[in-house]
Each structure stands twice: as C-alpha cells, then as structure tokens.
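> Going down the list, the sequences are from chains A and B.
Once you know that position 10 of the first sequence is 10 in the numbering used here, the rest is easy, because the numbers rise by one and skip nothing.
Once you know that position 91 of the second sequence is 91 in the numbering used here, the rest is easy, because the numbers rise by one and skip nothing.
These are calculated hints, taken from the structure and not from any lab test.
Ideal Cβ positions, reconstructed from N, Cα and C, are used throughout, including at glycine.
Heads up, some of the hints might be wrong.
Unchecked claim - Some chain B residues near chain A, calculated using beta-carbon distances under 10 Å: (1) S41; (2) P44; (3) A60; (4) F63; (5) L89; (6) G92; (7) Q100; (8) G106.
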Amino acid sequence: DSGVTQTPKHLITATGQRVTLRCSPRSGDLSVYWYQQSLDQGLQFLIQYYNGEERAKGNILERFSAQQFPDLHSELNLSSLELGDSALYFCASSARRQGANYGYTFGSGTRLTVV
Amino acid sequence: LAKTTQPISMDSYEGQEVNITCSHNNIATNDYITWYQQFPSQGPRFIIQGYKTKVTNEVASLFIPADRKSSTLSLPRVSLSDTAVYYCLVGGYSGAGSYQLTFGKGTKLSVIP
C-alpha cells in the first residue's frame, strides 16, 4: 500500500457521460498530480494541485477538470466522455523535500472504460 | 524540462545483470535522476534516485558519469518478477512541495526463464 488511495478501481460508462475520479494523497502530502495512461502509452501528465490551488497544467482536455479540497483529497472530473478517454488514470502525491528520497508516490489507479 | 531517451525494450535471461541506459543531454544543474518501475495495471513505483556518481540500494544501482548527460540503471541478477517497464525521469523539486518530473516512453524489460 503506497498510501495514495484512488477510487473507484474500475469504472465502465457510456459515451457522453460524466464521471468523477477520487484521490486521497499520502498523509501530509500537499501536492496531487493526475496522469493518464492509455493502452501501450506512457504516462501523460494532466494537472497538478498544491494545497488546493492549481500549480501546473499538462495535456488536459477542456472536457476534463480537477480540484483539490481543503482536506487535500482531489477529484478529476471527466465529461462528454469519448471512447478514446478509456485509460488508466493515476494520481500521485508528493511531500516537501525529504533528503535524498523524494518524488512521486502513485496510487493504484482507476481503470476507465468508455463503451 | 530535460528530455530523456532510453531503449524501447530489452530482453534478459534470469540471473543476469541488466543495465538500462538513459540519455538526458539537457539536464539542468538542479535536476535529479530518478527511476521508476511499473508493472501492468499498477502505478509506477520508485526504484532509485541520484544526482552524481553512484548510488546503490537494496534493489538497484544507479551510475551517473561526471557530465550527468546519461545514467545507467543496473539490476543485479534479474528474476521473472523484474519484468516491467522502467522509466528514467529527470527533474526535481520546483518549490512549495512540487516536483516537475516528466515520464518518457520507458524501457520494457522482459526477463526470460
């Protein structure tokens, strides 16, 4: 258990629908990052939040949005879903610098299937 | 952010040492080099991190030459369970608890019995 919790683990929905993915970061981590990984593709950075504020944006579609709440959990909202949005969505969190071992801690992901 | 280049795939027999080299010609002074391992349908897992010279932990070694334009991840005596995708990342702390790390395509390591 990495300490980063993602729910749900699996999600099947129809095209045109809207879904919400949830992420709880490791205790004490203030930053949350969202990544998308399509079949046989690398990890594409979507968006980052730090302590409730958007910090960085990657290749995130306008149909997608995210937010981080005061308790530091984050939600990724995907709307007007298309077949191509089917992918694994990972959340990662990071802490303040901690010596020589720092970087991201990933959750186990949410597998989204759009049918 | 520095771009990384690594082989798309590698094959190795069980028990052999595997070396995966990553090129990062545009690495910045403050950048660290970090390697992650990813099994199918799982989130990437931190393996090792270094800034220069050699770093060793219980699972791997990381060799970084003086110019830091490349790095080599060394996995000693691989087993079938080491079959995974290995990502080389370059980047670092960007302030206020944030890290800027970019994932490339990774190297798919297949360990053969």
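> Take the hints in turn and mark each one as holding or not.
Status of each hint after checking the structure:
Because the closest C-beta pair between S41/B and chain A is about 7 Å apart, less than 10 Å, the hint holds. Because the smallest distance between the Cβ of P44/B and any Cβ of chain A comes to about 5 Å, under 10 Å, the interface hint for this residue holds. Look at A60/B: its Cβ only gets to about 13 Å from chain A, farther than 10 Å, so that hint breaks. Hint status for F63/B relative to chain A: violated, with the closest Cβ pair at about 16 Å, above 10 Å.
Here the hint on L89/B is kept, as its CB sits about 8 Å from the closest CB of chain A, short of 10 Å. Using the Cβ-Cβ criterion of 10 Å, the hint placing G92/B at the interface with chain A is satisfied: the shortest such distance is roughly 8 Å. The restraint placing Q100/B at the interface with chain A holds, with a minimum CB-CB distance near 7 Å, inside the 10 Å limit. Among the interface hints, the one on G106/B holds; its C-beta lies about 6 Å from the nearest C-beta in chain A, closer than the 10 Å criterion.
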